[in-house]
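A.B. asks: Sequence:
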Amino acid sequence: MKGGTVQINWHDTKPVLTLDFHPTSGTLATGGADFDIKLWLINSSETQKKLPAASYQNSLSYHSSAVNVLRFSPSGEQLASGADGGELIVWKLHATETSTTWKVLKTLSFHRKDVLDLQWSTDGAFLISGSVDNSCIIWDVNKGSVHQILDAHSHYVQGVAWDPLAYYAASLSSDRTCRIYVKKAQSKAKGAEKTNYVCQHVISKAEPPLLDDSKSAKYHLFHDETLPSFFRRLAWSPDGSFLLVPAGSYKISSAPETINTAYVFSRKDLSRPALQLPGACKPVVAVRFCPLLFSLRGSNQSGLFKLPHRIVFAVATLNSLYIYDTESVPPIAIFAGLHYAAITDIAWSPNAQYLGLSSQDGYCTLVEFENDELGSPICSSEEKKVMHDKNKSPVQKPEDMKIEATKNDCLVVEDNGRTVEERNQQKEAERKEERVMGEQNKRPAEKAEDMVIESTATDSLVAADNGNSEAEGNRKTEVETKAKEVVDLENRSSVENPEDMVVEVTANDSLVAAYNAKSEAESNEGITESQSSMKTATVNKPTKRRITPMAIDP
Numbered sequence: 001m002k003g004g005t006v007q008i009n010w011h012d013t014k015p016v017l018t019l020d021f022h023p024t025s026g027t028l029a030t031g032g033a034d035f036d037i038k039l040w041l042i043n044s045s046e047t048q049k050k051l052p053a054a055s056y057q058n059s060l061s062y063h064s065s066a067v068n069v070l071r072f073s074p075s076g077e078q079l080a081s082g083a084d085g086g087e088l089i090v091w092k093l094h095a096t097e098t099s100t101t102w103k104v105l106k107t108l109s110f111h112r113k114d115v116l117d118l119q120w121s122t123d124g125a126f127l128i129s130g131s132v133d134n135s136c137i138i139w140d141v142n143k144g145s146v147h148q149i150l151d152a153h154s155h156y157v158q159g160v161a162w163d164p165l166a167y168y169a170a171s172l173s174s175d176r177t178c179r180i181y182v183k184k185a186q187s188k189a190k191g192a193e194k195t196n197y198v199c200q201h202v203i204s205k206a207e208p209p210l211l212d213d214s215k216s217a218k219y220h221l222f223h224d225e226t227l228p229s230f231f232r233r234l235a236w237s238p239d240g241s242f243l244l245v246p247a248g249s250y251k252i253s254s255a256p257e258t259i260n261t262a263y264v265f266s267r268k269d270l271s272r273p274a275l276q277l278p279g280a281c282k283p284v285v286a287v288r289f290c291p292l293l294f295s296l297r298g299s300n301q302s303g304l305f306k307l308p309h310r311i312v313f314a315v316a317t318l319n320s321l322y323i324y325d326t327e328s329v330p331p332i333a334i335f336a337g338l339h340y341a342a343i344t345d346i347a348w349s350p351n352a353q354y355l356g357l358s359s360q361d362g363y364c365t366l367v368e369f370e371n372d373e374l375g376s377p378i379c380s381s382e383e384k385k386v387m388h389d390k391n392k393s394p395v396q397k398p399e400d401m402k403i404e405a406t407k408n409d410c411l412v413v414e415d416n417g418r419t420v421e422e423r424n425q426q427k428e429a430e431r432k433e434e435r436v437m438g439e440q441n442k443r444p445a446e447k448a449e450d451m452v453i454e455s456t457a458t459d460s461l462v463a464a465d466n467g468n469s470e471a472e473g474n475r476k477t478e479v480e481t482k483a484k485e486v487v488d489l490e491n492r493s494s495v496e497n498p499e500d501m502v503v504e505v506t507a508n509d510s511l512v513a514a515y516n517a518k519s520e521a522e523s524n525e526g527i528t529e530s531q532s533s534m535k536t537a538t539v540n541k542p543t544k545r546r547i548t549p550m551a552i553d554p
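Per the UniProt record's numbering, the sequence shown starts with residue 1, numbered consecutively.
Just to be clear, a hint being listed does not mean it is correct.
Think about it this way: if two alpha-carbon atoms lie no more than 25 Å apart in a straight line, the pair counts; the simulated BS3-like pairs of lysine-lysine are [what the hints assert, rightly or not]:
(1) Lys49 / Lys103
(2) Lys14 / Lys282
(3) Lys251 / Lys218
(4) Lys268 / Lys218
(5) Lys183 / Lys268
(6) Lys194 / Lys183
(7) Lys143 / Lys194
(8) Lys50 / Lys103
(9) Lys143 / Lys106
(10) Lys2 / Lys49
(11) Lys282 / Lys2
(12) Lys92 / Lys103
(13) Lys184 / Lys218
(14) Lys282 / Lys268
(15) Lys184 / Lys194
(16) Lys143 / Lys205
(17) Lys92 / Lys143
(18) Lys194 / Lys106
(19) Lys306 / Lys268
(20) Lys14 / Lys113
(21) Lys184 / Lys268
(22) Lys92 / Lys106
(23) Lys218 / Lys282
(24) Lys205 / Lys268
(25) Lys205 / Lys103
(26) Lys282 / Lys251
(27) Lys218 / Lys205
(28) Lys50 / Lys92
(29) Lys49 / Lys106
By construction, these hints were calculated from the structure, which means they are not laboratory data. Just so you know, these numbers come straight off a predicted model, no measurement behind them.
Whenever a hint applies, use it, and build me the whole structure from the sequences.
C.D. replies: Below you can see the structure in the form of structure tokens.
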């Protein structure tokens, strides 16, 4: 683990108010008081002790005021940014073969004052934002309109969070309350059922633990508006098991002063804190969870969390950074004295290699973790497949290939990238193959092995077993000889890429292994099984054996 403040000109020496990593590429986006959003490429240093390097890539200029928050959508295709004056912009990624460009997609207008925090729903269809106008707004991103307004707070809304399981939402305000909203279906309107969020809990005060039987008045759980920060960024754990809330102020009855802390709310009971993290010297202003889950280490059985996995999260005070995990009580790392002004935001890279901090002093801190330093990541079978495809699959993009099932259950692979000229070339090649097969029929045929390759009504490659009659055997011998010629031509070039394995099947140009000169009656006599028994045949060698199906994994 190594890290420190990267001494570059991030935003023209103006305060850096927010940052976030792209969920797939790992590009770092920062927003500042210079009204710009800047994109950075983060690279690991070659030397052991040197800090990670940030290389400037591009600027997104559209806002007319300071950018307070920006967050990438879960898919990475969109970016939402909130600024002073109620500006809320949704950007869209336009990718080409050589470059990527972000363009303004929508402007979401309703907040009357500064937007301080926002977050995407898990499916990327909605946004929730908090503002100085004392309200939270849930936006329908696809429509670009307001879905619901939550206006029960009496002061600035400085933090919002969305449950990853899409059931709860939470907001934190300088009115010293945290509100928990639950999703409920409302009455049907125009034949469609509308889903709104209803406030379920208002967390404000609690009774301190008493050392004797004396009575004590309740105390406020959170700091008031005198907290010297614009932000109180709360967050849900990636598995949705608990909510972590900053700006805590914990009171012990016998102590004259309060203790700065962050509260942990269990999903089973969101009405009161279940835990408070060890006290910090300065108020906690932001928390952020590592996107990866890790295997249990089993080294500490006295942990405060009883989970089947480890979760790592970062807690930022005004001047320090604490890194915790759910398997140990004390923090696993502490970074202090990083900046001369207040910390404003935290972000994790998608692979958990980097952790970024932004500050009002105009600089950012980057912390780099070595391989498996935080633990062994847990990947589901789908995540493993995605990682395998990204790292080891050929260059061909998934959207360039479609696999469809035809009516006779044959496997047809269509290549959408072919041109008309290439299809014409394919037709010419097929006509040459037919002439070669016609000449081949003049030579004595070898013994057939119960295999006929015929062209069906859907122009797919079909394998059908024949009977053992002598007349049918002659026809099989003729057709198999023609199929051998096709296979010989096919085996002349080795198949290395998926695009080499693609066979384009259209209504006008099909790969036909049967001899076109054969009459329709002769073809019909050769079919002895129903279409339900047909299988797609993949021929590897022109040997005299039954051809078995083989799956093609794109």
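A.B. asks: For every hint, state whether the structure bears it out.
C.D. replies: We went through each hint and held it up to the structure:
Under the criterion of a C-alpha separation no larger than 25 Å, the hint pairing Lys49 with Lys103 is inconsistent with the structure, at around 38 Å. Our distance criterion of 25 Å between C-alpha atoms is met by Lys14 and Lys282, whose separation comes to about 23 Å. Between Lys251 and Lys218 the alpha-carbon distance is near 9 Å, which keeps this suggested pair within the 25 Å criterion. With a C-alpha separation of about 23 Å, the suggested pairing of Lys268 with Lys218 holds against the 25 Å cut-off.
Taken as a hint, the Lys183 and Lys268 pair is honoured in the structure, with Cα atoms around 16 Å apart against an allowance of 25 Å. Restraint check for Lys194 and Lys183: satisfied, since their Cα atoms lie roughly 10 Å apart, inside the 25 Å limit. The straight-line distance between the Cα atoms of Lys143 and Lys194 is roughly 14 Å, inside the 25 Å bound, and the hint therefore holds. Between Lys50 and Lys103, the direct Cα distance comes to roughly 35 Å. Violation of the 25 Å bound is thereby established for this hinted pair.
Between Lys143 and Lys106 the CA atoms are separated by roughly 9 Å; this keeps the pair inside 25 Å, and the hint holds. For the suggested pair Lys2 and Lys49, the alpha carbons sit about 7 Å apart, so the restraint of at most 25 Å is met. Only pairs whose Cα atoms come within 25 Å are accepted, and Lys282 paired with Lys2 is accepted, the gap being roughly 23 Å. Straight-line distance between C-alpha atoms of Lys92 and Lys103 comes to about 5 Å, which keeps the hinted pair within the 25 Å bound.
For the given pair, Lys184 sits about 31 Å from Lys218 by alpha-carbon distance, which is inconsistent with the 25 Å threshold. In summary, the hint linking Lys282 to Lys268 is not supported, as the alpha carbons are separated by about 30 Å, beyond the 25 Å threshold. For the suggested pair Lys184 and Lys194, the alpha carbons sit about 9 Å apart, so the restraint of at most 25 Å is met. This hinted pair does not check out: Lys143 and Lys205 have alpha carbons roughly 39 Å apart, beyond 25 Å.
For the hint pairing Lys92 with Lys143, the CA-to-CA distance comes to about 15 Å; that is within 25 Å, so the pair holds. Taking the CA atoms of Lys194 and Lys106, the gap is near 23 Å; set against the 25 Å cutoff, the hint holds. Between Lys306 and Lys268 the alpha-carbon distance is near 13 Å, which keeps this suggested pair within the 25 Å criterion. The hinted pair formed by Lys14 and Lys113 meets the criterion: a straight-line CA distance of about 21 Å does not exceed 25 Å.
Restraint check for Lys184 and Lys268: the C-alpha separation of about 18 Å stays at or below 25 Å, so the hint holds. With a C-alpha separation of about 9 Å, the suggested pair Lys92 and Lys106 falls inside the 25 Å cut-off, and the hint holds. Our distance criterion of 25 Å between C-alpha atoms is met by Lys218 and Lys282, whose separation comes to about 23 Å. Restraint check for Lys205 and Lys268: the C-alpha separation of about 19 Å stays at or below 25 Å, so the hint holds.
A distance of roughly 45 Å separates the Cα atoms of Lys205 and Lys103; the hinted pair therefore is violated under the 25 Å criterion. Between Lys282 and Lys251 the alpha-carbon distance is near 15 Å, which keeps this suggested pair within the 25 Å criterion. At roughly 6 Å between alpha-carbon atoms, Lys218 and Lys205 fall within 25 Å of each other, so this suggested pair holds. The suggested pairing of Lys50 with Lys92 is violated, with an alpha-carbon distance near 35 Å, which exceeds 25 Å.
For the proposed pair Lys49 and Lys106, the alpha carbon gap of about 43 Å is over 25 Å, so the pair is violated.
When the structure is compared with the earlier hints, violations turn up for hints 1, 8, 13, 14, 16, 25, 28 and 29 and for no others.
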